Amino acid sequence: MFERFSDPACMVCDLAYEEAERLRHDYLGPEHVLVGLAQVSDGGTGPILRASGLGTDALRARLDLLVAQGILPGPWRNQSDLLRGLGIDLGEVREAMESTFGPDALCAALRRTRHGSWLRELPFVTFGPPSPLAGKAVVAKRAFWLADQEAAKLGEHQTRPEHLMLGVLRDAEDPAGTGLSRRTRRGYAYLGLPEHGPSPVRRLIEAAGTSLADLRNTVLASLHAAT
Amino acid sequence: MSGPGSDEVTALAVATTSQDPEVGLSAVAALRGLVEVLEALQVENARAKGWTWKAIAERLAVSKQAVHQKYAGGRLPRIRR
Chain X
1 MFERFSDPAC MVCDLAYEEA ERLRHDYLGP EHVLVGLAQV SDGGTGPILR
51 ASGLGTDALR ARLDLLVAQG ILPGPWRNQS DLLRGLGIDL GEVREAMEST
101 FGPDALCAAL RRTRHGSWLR ELPFVTFGPP SPLAGKAVVA KRAFWLADQE
151 AAKLGEHQTR PEHLMLGVLR DAEDPAGTGL SRRTRRGYAY LGLPEHGPSP
201 VRRLIEAAGT SLADLRNTVL ASLHAAT
Chain S
1001 MSGPGSDEVT ALAVATTSQD PEVGLSAVAA LRGLVEVLEA LQVENARAKG
1051 WTWKAIAERL AVSKQAVHQK YAGGRLPRIR R
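Going down the list, the sequences are from chains X and S. Quick note: the first sequence, position 198, residue 198 per my numbering, numbers continuous. Convert by adding 1000 to the 1-based position in the second sequence; the result is the number in my numbering.
Any given hint could turn out to be false.
Dumping the calculated DSS-like pairs for lysine-lysine here, alpha-carbon to alpha-carbon at most 30 angstroms [as the list claims (entries may be wrong)]:
| # | chain 1 | residue 1 | chain 2 | residue 2 |
| --- | --- | --- | --- | --- |
| 1 | S | 1070 | S | 1049 |
| 2 | S | 1049 | S | 1064 |
| 3 | S | 1070 | S | 1054 |
| 4 | X | 136 | S | 1070 |
| 5 | X | 141 | X | 153 |
| 6 | S | 1064 | X | 141 |
Note that these hints are calculated values from the structure, not bench results. Computed from a prediction, not measured in an experiment: that's the story for all the values here.
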């Protein structure tokens, strides 16, 4: 999934992961990627988002608001915290398993337990049953896939942050849960994500008084200006 | 990674054993996800060490048919139709 990503795009993903950690979310969603994109300073996507009133701080405030409204999951849903509440240290379990059987065995066991339709719906699949050992579910997978498509359409061999942003915007055009199997929808419901209605990214952007199409045009214009 | 402070953990521990079904059920689901993976890991290891399905089933306290149905069938995950 990340083979074509440029170094700045990978950094955006790292920042998105940190944002998910800040919110204690068990998934990596397009809304976290948007916060990562807002932190790209040189050229690129940060200035565009800031000009539209979607700077890092503004985005974080709006994300916290969505959590408070119950549209995004609250911190109490964090699986590792829930298990700690039962007296289980997930990090210690993982460490013990990896030192006894090796990391490959853990990966194999994870693959084995996510039986189901993952082969059939490869481009959109996010995860099987949510096991706390599996790490974060990549809910932004569709956005990443669309970003690769956008880069290819523009004749680029690398996916840069601008393309990532186009992917996130394209993904947000569709309502939440588009292109998912019933099984994955169940996984979404478990994570506490909305199963229908406008996608969280769309809510974030429209709350700032701009629109998906406007932002898309701005990004495309900046890409044209650069070439 | 910024984990919750010790106060928060204690609060969570209380919450998990508390009567809020939303928290309690989510904790149980997390536990199940953990157990599922650990079981697969141990069964795989036992098979690699040459254990029979019968012996594995005895240790897991299920029938040998159950453990065979769940875990036999190659390295790829089962595909449901």
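* Asked: Which of the numbered hints above does this structure break?
  -> The structure breaks only hint 6.
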